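Asks: Sequence:
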Amino acid sequence: MFDLILRRLENTIIAITFLFITLLAFANVIARYVFHASFSFTSELLINLAVLLTMVGAAAATRLGTHPSFSLLRDSSRGALHKIVVALVCLGMLVFFLVLMWLGFESAMKQFESGRLTPALQIPQWILSMCLPFGALLGAIRSIQVAVIELRGGEAFKGEEAEALEVAEAVQAETAALENAALATNTDTTTPTKEGGRP
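Each residue of the sequence shown is one higher than the one before, counting from 1 in my numbering.
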């Protein structure tokens, strides 16, 4: 359940952030070449949205196992070596995400204490700076999750398409079982019984 909520959160943030980045960049291009003016706030928003997209995307990539070290080292190792490789890679990624989270949170708190505002939008800078520690927190959670699943002998790196296919196959198998049970029930009720030696 927690994994499903986290996955939906990641996917929603990635989709909405990418949509906003695309729309803002497009609007800025139109404004610049058609109206010979540009929105001053777009570069501010684009940079911070790009940081959010990158960090949440890194967490999603960890979940899906598209990190190069996973696909190269994990697939080329077996047995105890496989577990050691997974543990080392996940530990390295966890340390990386925790350092980013700590540095990002520290920077945001300094901005909060100083009351610093963004130049164009005039909103507190710490709000936008929280994108970094938030994304790093997601990445740290995913690193721990992947390590636990893999070290228990499970398969952590399943894409959503593979999971959807598994669910579809399970639903088809259940539907077929129900149809077979219904056919068996109908066959039993329609079979003629012999009474007095006559069908």
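Hints in this document: simulated from the structure, not taken from any laboratory. Keep in mind that a hint or two might mislead.
To be verified - Across the chosen pairs, the derived CB separations fall in these ranges:
no. : residue 1 : residue 2 : range
1   : Arg8      : Ser107    : 20 to 30 Å
2   : Ile30     : Val148    : 14 to 24 Å
3   : Ile14     : Gln172    : 50 to 60 Å
4   : Glu179    : Thr66     : 32 to 42 Å
5   : Val148    : Ala50     : 22 to 32 Å
Here the structure is a predicted model, which is why all the values come from computation and not from measurement. Beta carbons: idealized from backbone N, C-alpha and C, even for Gly.
Asks: Range hint 20 to 30 Å: satisfied by the CB atoms of Arg8 and Ser107?
Replies: holds (29 Å)
Asks: Starting from the hint 22 to 32 Å, judge whether the C-beta atoms of Val148 and Ala50 obey it.
Replies: holds (31 Å)
Asks: Is the distance from the Cβ of Ile30 to the Cβ of Val148 consistent with 14 to 24 Å?
Replies: This hint is violated: roughly 48 Å between Cβ atoms.
Asks: Has the hinted range 50 to 60 Å been met by the Cβ atoms of Ile14 and Gln172?
Replies: violated (30 Å)
Asks: Holds or violated: 32 to 42 Å for the Cβ distance of Glu179 and Thr66?
Replies: About 39 Å separates the Cβ atoms of Glu179 and Thr66, which means 32 to 42 Å holds.
The structure fails hints 2 and 3 (numbered hints given earlier, in ascending order).
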